[in-house]
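**Student:** Line by line, the protein sequences give chains S and B.
Residue numbers 1 to 219, in the UniProt record's numbering, belong to the letters of the first sequence in order.
Residue numbers 1 to 226, in the UniProt record's numbering, belong to the letters of the second sequence in order.
Hints were generated in silico from the structure; no laboratory data involved.
Some hints could be false.
Unchecked claim - A few chain B residues that don't get close to chain S, going by computed Cβ distances all over 10 Å: (1) Y9; (2) L16; (3) F40; (4) E49; (5) G57; (6) M61; (7) L69; (8) S95; (9) L103; (10) L107; (11) I117; (12) S157; (13) K159; (14) I195; (15) L204.
As the list claims (entries may be wrong) - Okay, the calculated bits of chain S under chain B, using three or more residues with CB under 8 Å as the criterion: (16) 114 to 121; (17) 144 to 155.
As the list claims (entries may be wrong) - Simulated crosslink set (DMTMM-like; lysine to aspartate or glutamate; CA at most 25 Å straight-line): (18) B:K200 x S:D109; (19) S:K138 x B:E225; (20) B:K51 x B:D221; (21) B:K73 x S:D109; (22) B:K161 x S:E135; (23) B:K94 x S:D109; (24) S:K137 x B:E19; (25) B:K94 x S:E81; (26) B:K73 x S:E81; (27) B:K94 x B:E197; (28) B:K161 x B:E225; (29) S:K138 x B:D93; (30) B:K200 x B:D53; (31) S:K6 x S:E81; (32) B:K14 x B:E24; (33) B:K94 x S:E133; (34) B:K161 x B:D221; (35) B:K73 x B:E197; (36) S:K213 x S:D109; (37) B:K161 x S:E81; (38) B:K14 x B:E197.
Note that this is a predicted model, so its numbers are computed, not measured.
Don't be surprised by glycine CBs; every beta carbon is placed ideally from N, CA and C.
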Amino acid sequence: MNRIMKSVDTLAIVGIIIALYFAFIYAPTEAVMGAVQRIFYFHVSSAWIAFFAFFVTFICSIVVLINNNLFYDDIAESSAEIGVIFCTVVLITGPIWAKPAWGKWWTWDPRLTTTLILWFIYIGYIMLRKFVEEEDKKAKFAAALGIIGFIDVPIVFLSIRWWRTIHPNVLQQGGGGLHPDMLTALIVCVVAFTLLYISMLMKRVNIGVLQRKINLIKR
Amino acid sequence: MVRYFKTVYHIIEKDLLLELKSKEVINSMLIFALLVVVVFSFIFEPGAEYKNDLAAGILWMSIIFSGILGLNKSMMNEINGGNLNALLLAPVDKSAIFFGKGLSNFLFMLIMEVIIIPIFVVFYDVPIMNNLLFSIITLLLGTYGFAILGTLFSIISVKSKTREVMLPILLLPIIIPVVLSAIQAMNIFLKGDDISESFKWLQLLLVFDIVFTLVIYVIFDFVIEE
Numbered sequence: 001m002n003r004i005m006k007s008v009d010t011l012a013i014v015g016i017i018i019a020l021y022f023a024f025i026y027a028p029t030e031a032v033m034g035a036v037q038r039i040f041y042f043h044v045s046s047a048w049i050a051f052f053a054f055f056v057t058f059i060c061s062i063v064v065l066i067n068n069n070l071f072y073d074d075i076a077e078s079s080a081e082i083g084v085i086f087c088t089v090v091l092i093t094g095p096i097w098a099k100p101a102w103g104k105w106w107t108w109d110p111r112l113t114t115t116l117i118l119w120f121i122y123i124g125y126i127m128l129r130k131f132v133e134e135e136d137k138k139a140k141f142a143a144a145l146g147i148i149g150f151i152d153v154p155i156v157f158l159s160i161r162w163w164r165t166i167h168p169n170v171l172q173q174g175g176g177g178l179h180p181d182m183l184t185a186l187i188v189c190v191v192a193f194t195l196l197y198i199s200m201l202m203k204r205v206n207i208g209v210l211q212r213k214i215n216l217i218k219r
Numbered sequence: 001m002v003r004y005f006k007t008v009y010h011i012i013e014k015d016l017l018l019e020l021k022s023k024e025v026i027n028s029m030l031i032f033a034l035l036v037v038v039v040f041s042f043i044f045e046p047g048a049e050y051k052n053d054l055a056a057g058i059l060w061m062s063i064i065f066s067g068i069l070g071l072n073k074s075m076m077n078e079i080n081g082g083n084l085n086a087l088l089l090a091p092v093d094k095s096a097i098f099f100g101k102g103l104s105n106f107l108f109m110l111i112m113e114v115i116i117i118p119i120f121v122v123f124y125d126v127p128i129m130n131n132l133l134f135s136i137i138t139l140l141l142g143t144y145g146f147a148i149l150g151t152l153f154s155i156i157s158v159k160s161k162t163r164e165v166m167l168p169i170l171l172l173p174i175i176i177p178v179v180l181s182a183i184q185a186m187n188i189f190l191k192g193d194d195i196s197e198s199f200k201w202l203q204l205l206l207v208f209d210i211v212f213t214l215v216i217y218v219i220f221d222f223v224i225e226e
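Work out the full structure: start from the sequences and follow the hints.
**Tutor:** Okay, here's the thing in structure tokens:
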């Protein structure tokens, strides 16, 4: 286990360095937006990790409810925490890019708004875990929220998209045709971030398992 | 199956009897809902033209906030004296107990709305008669979705250390589709716009209600084990 963890760590560190090279040097500078567009590679990668992390929480929540194995609860918790971190990164890097590109820090665009609501749901998830004392109840309650929260996300997204089509957005989403080199840089960044996620998840799950052991010994 | 609905019915009956005696939940919801309506009226100048654009939103804010108050009160009544734990020990389907609680909360909110809406119409002078039937459907669908998820999260939050503080934090982000659809649909009805525009919102409310009724039905027995 330790060996695997070490090799994943190494891969993640190397991956991030390569990703930095690709995002800052390899990828061509965007013609209209200039250097600020380079935030896009880490922004999209973080968004991908956030959604993926919450998906892992969703799956582990279902498993916890079915078989009561608290190890999956540790995974669900760890993944949700990491997801919130990356979701925060998305919400911070987004406005930094949006200000020069759109002229505003924030618009109530479906993707932005859904990400913000997602953030709130999982902040609630983490808070709930801190406020329930019994291990067993904590796992079950959190699992309920992990499942309902994730199922809710597409409905939230749909409702907000309809809302915005009623009030059309002045600022059209750019994007469309990405330069092939940009696409390469994006893929490299996504892979590097996924490695980083796996390495963080393993560490956090390990802490959770140790914590449970200590609590058992204490009692 | 019959037994399941009987359990649901008896829970509702119990809650209604209790509420008829104490009137704690509905009264506190009612006064709070009225207060929200009054306080929100300071947003605009008296008689401002855009008043009708905001009316549906204000009505729903008052329903949501007073609903949270009522849900907490109703669930704290169950916690005091260990009533909820006793109920869950009963040899019946646990989700039946949940839906009994959920539907009685739904009923309380409907009673509150029946009283609050005429007052709201008087205060804000909104043309509620424009599409009364559709407005009622929106209120029913929206309130049901709110009550059913609210009941689940109120059970969860009263069992946490911070008690009722957790309910709005857990519930509000989840019910954003309900709030948004209900307000948008009501806006269309109150302003007398093309009704067909509102059908997608009503559909969304219906889908939301069905999806989460099923999800809770499936997971509730696993989540709450006493």
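**Student:** List, from low to high, the hint numbers that the structure doesn't satisfy.
**Tutor:** Hint check: 12, 13, 15, 20, 21, 23, 24, 25, 26, 27, 35, 36 and 38 fail, others pass.
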